[in-house]
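**Student:** Each chain, letter by letter, is given below.
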Amino acid sequence: MPVVELAGVTKAYDEKIAVRDLSLTIEAGQMFGLLGPNGAGKTSSIRMMMGITLPDSGTVRLFDQPFTRQSLERVGYLPEERGLYKKMKVIDQLVFFGELHGIEAGEARKRAQRWAERLEIADVLEKKTEELSKGMQQKIQFIGTLLHDPGLIVMDEPFAGLDPVNAALIEKTLIELKNAGRAILFSTHRMDQVEKLCDSICLVDHGTAVLSGRMREIKSRYERNRVIVEFEGSDAFLQSEEVAEARNFAGHAEIRLKPHGDAQKLLHQAAAQARIYRFELVEPSLEEIFIQTVGGKADA
Amino acid sequence: MRNIFLIARREYLEQVRSRGFRLSTVGLPVLFLLLASFSHYTTQKAGVTKGVDGSLRLAVASADPALASAVRDRLLAGKAPHPQVEVIAPAAQEAIAAQLNRLRSGEIDGVLAVDRAGGKTTASYTSNNAGDMMTGNWLTNAVEEALVAERLTQAGVSQTETAALLKSVKLETRQLGKDGSVVKSNAMASFWKGYVMAILLAVTTMVYGMNVARSTIQEKTSRIFEVMLAIARPDELLAGKLLGVGAVGLTQMLIWGVAGAALAGSPIAAAVLSGQMQIHFSLLEGILFPIYFLLGYLLNSALFSGLAASCETEQELQSFMPLAGAPMWLSFAMMLLVVSHPNSMWAVVGSLFPPTAPIIMFLRMAAMQPPLWQIGLSVALLVASIWLTLQFSARLYRVGILMYGKRATLPELVRWLRAG
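Here the protein sequences come in this chain order: R and Z.
Heads up: the first sequence runs through residues 1 to 300, numbered per the working numbering.
Heads up: the second sequence runs through residues 1 to 420, numbered per the working numbering.
FYI, nobody ran anything at the bench for these hints, they're computed from the structure.
Every value quoted in this text rests on a predicted model; they were computed, and no experiment measured them.
C-beta: ideal position from N, C-alpha, C; glycine also.
Check each hint, because a few of them may be wrong.
Unchecked claim - Just some of the chain R residues that point at chain Z, by a computed CB distance under 7 Å:
#1 13
#2 52
#3 54
#4 74
#5 77
#6 79
#7 81
#8 82
#9 83
#10 99
#11 100
Unchecked claim - Simulated restraints, written as ranges between beta carbons of each label pair:
#12 Z:414 <-> R:38: 51 to 57 Å
#13 R:249 <-> Z:19: 58 to 64 Å
#14 R:104 <-> Z:260: 38 to 44 Å
#15 R:104 <-> Z:346: 52 to 58 Å
#16 R:21 <-> Z:20: 46 to 52 Å
Given the sequences, and given the hints that come with them, work out the whole structure.
**Tutor:** Below, the structure is given as structure tokens:
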């Protein structure tokens with residue numbers, strides 16, 4: 001059952017078309033990455049998914065039903081432009097969010113306590129939000145998004161402002177939620193995280209989906225034309241006619257082969273001139289695919 | 001509906017628990033009390049200008065010695081200010097010029113020149129304080145009374161009878177109640193009661209209206225709106241905020257009401273609010289005060305929440321402050337007219353015109369009880385204008401809370417209104 005289904009969604013603000021004929025599907029138990037340069041239409045797409053704005057044309061379906069505000073009770077949303085009530089105590093704030101999502105106050109309090117322990121912030125529950133660091137506030141926002149156990153979790157730049165330790169904690173939690181059958185959509189500029197976490201992606205540029213599908217399937221569309229070589233000795237093989245571009249970092253070379261360049265031939269040339277410790281033909285990274293697809297326009 | 005209740009409750013609890021609420025609940029009545037006491041004190045102190053040594057030194061100059069003496073007698077007849085009066089009569093122009101020189105040198109505080117030519121009496125007063133209206137009135141009265149006394153004497157009325165005739169009369173004011181009964185009323189106390197209630201309404205409706213606006217800006221800058229919009233509709237957010245802040249205002253009034261009632265029964269209040277300052281509150285006033293507060297507040301907050309959504313900072317919001325204060329200034333500019341002529345066309349129009357209705361209706365009620373149909377109409381007009389304002393404001397609010405970066409221009413606001 002698709003949890004999210006956008007079909008031919010278009011949204012324009014005045015003269016500017018923010019999203020053009022966008023279609024995507026997210027299944028339960030899937031982690032979905034919505035990627036694109038700044039101003040590509042990611043946030044506009046998410047806002048339509050959340051009913052914050054309405055599409056000019058096309059349809060939005062959540063949990064296999066046409067969009068209704070009722071269905072938002074099963075959605076957890078962490079927007080990019082996010083905040084908290086500064087003067088409120090953390091626990092009161094979380095209970096308030098829980099109640100708005102239809103949970104009883106007592107139950108919301110218990111869940112907030114459990115989540116705070118899980119994310120190692122149980123000691124700040126009685127503090128006012130304004131007393132906390134940005135990273136700590138981010139974790140509270142994260143809890144607020146998940147307190148009502150949503151079937152769909154939508155996160156816009158969830159790792160922004162987090163230190164590596166806390167980012168890893170959130171990553172781990174997201175993977176657990178995915179394994180528990182939740183559908184997760186996140187929008188980010190961090191390609192390494194998308195590559196590590198997402199099963200499927202949709203790359204938007206100028207409001208249009210320019211690349212979408214399952215990660216494996218997308219990567220398989222691109223030729224394995226990158227070679228990583230670790231060596232000792234002459235680097236003359238980097239001048240081979242098979243090589244389009246090469247960067248040598250003192251014995252660690254990253255090579256891009258010419259179209260139809262022969263990796264096997266290059267390996268022979270390299271082995272003849274230097275001692276080879278590693279020769280690996282790798283698929284292109286998501287970042288390379290991203291840059292290749294949206295050209296030099298991306299500022300991510 | 002549940003969302004509106006939850007949002008209103010959050011808003012209410014946050015504000016009621018704040019230090020600002022505690023401070024204003026205690027501080028505002030204390031400030032009012034201090035201002036009223038100070039105002040009362042200065043009114044008591046206000047009067048005829050005194051000289052440097054505490055008494056007024058006057059020279060009364062006239063070509064007619066009898067008239068000059070009669071004026072002096074009238075000046076000395078009152079309870080205050082006990083001036084030192086020097087009669088210069090018969091006085092020619094040179095004598096008056098000499099008195100003016102004495103005034104310049106500070107020897108005396110004023111020169112009252114009274115003259116009579118062709119049956120017409122003229123008077124002029126020269127002093128260092130041209131704007132002193134009370135001294136002017138006092139001197140005019142003295143000259144007029146001297147002329148009346150003179151004519152009465154000429155008509156054969158004895159001095160004792162003349163003095164009795166010129167003695168001021170103490171007027172006791174009574175008011176006809178709605179049921180036709182006559183109740184003793186005190187004009188001064190009624191005025192103060194109406195004035196204080198009107199000013200309380202003016203301040204609280206404006207302060208709480210701006211509170212909603214400020215809270216909107218703060219939520220916009222703290223970026224909480226997008227989180228909330230995924231859970232509640234913009235209309236629910238706005239309605240919850242208006243109801244929550246309104247409930248805070250009513251709570252504050254309830255506290256003041258209970259504290260006022262408790263204090264009114266105390267011996268201190270009995271001593272202060274006795275005699276001239278005896279104040280009576282009617283049931284209607286007790287019912288209408290919270291109603292007018294709520295309506296006045298809702299009108300202000302409905303307007304300013306929409307405008308606040310178009311701003312980025314509280315500084316930008318400040319530019320709308322004159323607009324918030326305008327009904328208050330307009331109402332108080334009409335205060336004297338409303339209190340002295342509570343049934344005049346302007347007073348009635350002012351008490352029906354929604355932005356000024358709460359304040360002017362209470363100023364009118366200080367003088368008399370307006371017809372119930374006028375009260376009903378003003379409430380109905382307020383409700384209608386709140387509804388109308390909300391239609392516009394909600395559109396600005398819906399779009400404005402998600403717009404970041406810069407304050408919206410007028411054409412943009414018009415576009416938002418159309419888009420909403």
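**Student:** When the structure is checked against the list of hints, which entries are broken? Sort them ascending.
**Tutor:** 1, 3, 4 and 12
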